[in-house]
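Residue 9 is where the sequence shown starts when you use this note's numbering, and the numbers rise one by one after that.
Hint data in this document are derived by calculation from the structure and do not stem from the laboratory.
Note that the Cβ used here is the ideal one computed from N, Cα and C, for glycine as well.
Keep in mind that a hint or two might mislead.
No farther apart than 30 angstroms at their CA atoms in a straight line, the calculated lysine-lysine pairs in the BS3-like style are these [stated by the list, open to error]:
(1) K14 - K24
(2) K145 - K198
(3) K394 - K42
(4) K66 - K42
(5) K14 - K258
(6) K18 - K394
(7) K258 - K24
(8) K255 - K24
(9) K255 - K18
(10) K191 - K145
(11) K255 - K14
(12) K42 - K24
Restraint ranges, calculated between C-beta atoms of paired labels, are given here [to be verified]:
(13) T115 - S374: 53 to 59 angstroms
(14) I31 - G127: 49 to 55 angstroms
(15) D202 - D162: 34 to 40 angstroms
(16) E223 - R264: 26 to 32 angstroms
(17) V288 - R370: 17 to 23 angstroms
(18) T274 - T365: 41 to 47 angstroms
(19) Y69 - T151: 21 to 27 angstroms
(20) E59 - V281: 16 to 22 angstroms
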Amino acid sequence: MIVLIKSSIKLLIRTKIIWLFIIITPILSTLILKSNTDYTVYQDELSSVVELNNADEKVAYNGSKGDYVVKVYDASGSELSDYLIDRLADSGMFILCRADISEEEITDEFIRDHIEFDGNEDRMGAALYITADFSDKILEGRTAEALTMYVLSDDARTDAFESELTLQLSRMTTFRAGAAGEKELVEGLKYLDDMNPKKDVISVDTNKTTKLTEEQINQKAQMGYAFSFLTLGFVFVGFFVASGVIKEQKNGVFTRVNLSRTSTLTYFTSKFVSVFLVSVLMTGVVGACSFMLDMNDMGMSRGAFLVLIFMMGLIFSSLSMFVGIMLNDIFSASISSFTLWCMSSLFSGLYFPLDDTSRGIRIISSLMPQKWFLDGTEMIFVGDNKVFGMLICITAAYLILTISLGGIGLKVRRSTEWGVS
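Generate coordinates for the entire structure from the input sequences, incorporating the hints supplied.
Quick look at the structure:
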């Protein structure tokens, strides 16, 4: 077996393109882990007020789990309009996405075009247009002229939003008489708000899911994208080993190995050992790149990080090698490797969470190795000591399955070839 391993390693070292995956993918993953990005798609509870960059920005993606989204065109930009938006959001029933258009030149055509776009190209429950002189009109008691509400869906919650809006406007109208100006009115309304009983929301976790902080949610999302790039590298490490096996079968090397009384399982195991050694090498490159990172920002130690990467990489390089050998064609093996990477990353939840998808999708997700390692990062974040025991069992299960099926597959393929000849 030692001779087989040495010959496989020599062939891999001479393959120049494999070094591209061994070096570039760890560097790309490191750059992702160094980025300081907020991944709101992973957050269970988004802010009830979302500030838009401009009036043209879509709001459909800000509603998680069917939230009622309202787009607000705020031409006032005043304390009173800010107070109104905050109060509507504090009700807890709506997500308000505010576009500050106080510096824009507002015309009827401007509003009409944007509302038409919202109705046809975006998704929201309603839209609000707050006029530039909103505060003056409220203080004068001309509430009906201060803003306009556009209903853009048949959602039954529109009635609740309209009622809440009417309530807040009536409060402003009621207390405007005793206020000398906008500032006094806002202060008076806030004083009354402070006198109200405080709402205390207690979340009860019934499905034993791990609860992460906002920082840990961002760390998990960054880790998911880093896993995606690293998986690509490990998958193609397996592909290059498989391509060597395919060439050896076509050139009669595998036949000579069998004639030397070396079993098929031993031959396949030698290829697995080659994959193991290259995975160690690539993990070492990841470890060298990790010195560019602040591990405190990662939420785990460098050792735990590298153990995660190595076990996940070993699984994928072995799977890729197995699939490539079974196909017995280099072109088909390359396509299958890329497909394995794409589909496993998609269904494992590396790019976006799958917690609210159908039961069938969640079952498929549970078959993807990355899903378990992503869950493992959560367990590390919260200090669960069972994480490495779980991941070792997952890794062992995948490797045993791969080695067993690989050896059987080679025997079946070889028997078929002999039968045909």
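Going through the hints against the structure:
1. At most 30 angstroms may separate the alpha-carbon atoms for a hinted pair to count; K14 and K24 meet this at roughly 17 angstroms.
2. Of the supplied pair hints, the one linking K145 and K198 holds, its CA atoms being roughly 20 angstroms apart against a limit of 30 angstroms.
3. Proposed proximity of K394 and K42 is supported: the alpha carbons are some 28 angstroms apart, at most 30 angstroms.
4. Distance check on the hinted pair: K66 and K42 sit about 28 angstroms apart at the alpha-carbon level, within 30 angstroms; holds.
5. Straight-line distance between C-alpha atoms of K14 and K258 comes to about 20 angstroms, which keeps the hinted pair within the 30 angstroms bound.
6. Restraint check: the Cα-Cα separation between K18 and K394 comes to about 39 angstroms, which exceeds 30 angstroms; the hinted pair is violated.
7. Note on K258 and K24: the hinted pairing holds, with a Cα-Cα distance of about 22 angstroms set against a maximum of 30 angstroms.
8. For the hint pairing K255 with K24, the CA-to-CA distance comes to about 17 angstroms; that is within 30 angstroms, so the pair holds.
9. Restraint check: the Cα-Cα separation between K255 and K18 comes to about 14 angstroms, which is no more than 30 angstroms; the hinted pair holds.
10. A hinted pair counts as satisfied when its Cα atoms are at most 30 angstroms apart, and K191 with K145 qualifies at roughly 14 angstroms.
11. For the hint linking K255 to K14, the alpha-carbon distance of about 16 angstroms falls within 30 angstroms, and the restraint holds.
12. For the hint pairing K42 with K24, the CA-to-CA distance comes to about 28 angstroms; that is within 30 angstroms, so the pair holds.
13. For T115 and S374, the Cβ-Cβ distance of about 54 angstroms falls inside the hinted range of 53 to 59 angstroms, so the restraint holds.
14. For I31 and G127, the Cβ-Cβ distance of about 50 angstroms falls inside the hinted range of 49 to 55 angstroms, so the restraint holds.
15. A hinted range of 34 to 40 angstroms holds for the C-beta pair D202 and D162, which are about 37 angstroms apart.
16. Restraint check, E223 to R264: a C-beta distance of roughly 58 angstroms breaks the suggested window 26 to 32 angstroms.
17. For the pair V288 and R370, the beta carbons lie near 33 angstroms from each other, so the given range of 17 to 23 angstroms is not met.
18. A hinted range of 41 to 47 angstroms holds for the C-beta pair T274 and T365, which are about 43 angstroms apart.
19. Take Y69 and T151: their Cβ atoms lie about 32 angstroms apart, and the range 21 to 27 angstroms is violated.
20. Evaluation of the 16 to 22 angstroms hint for E59 and V281 yields a failure: the beta carbon distance comes to about 55 angstroms.
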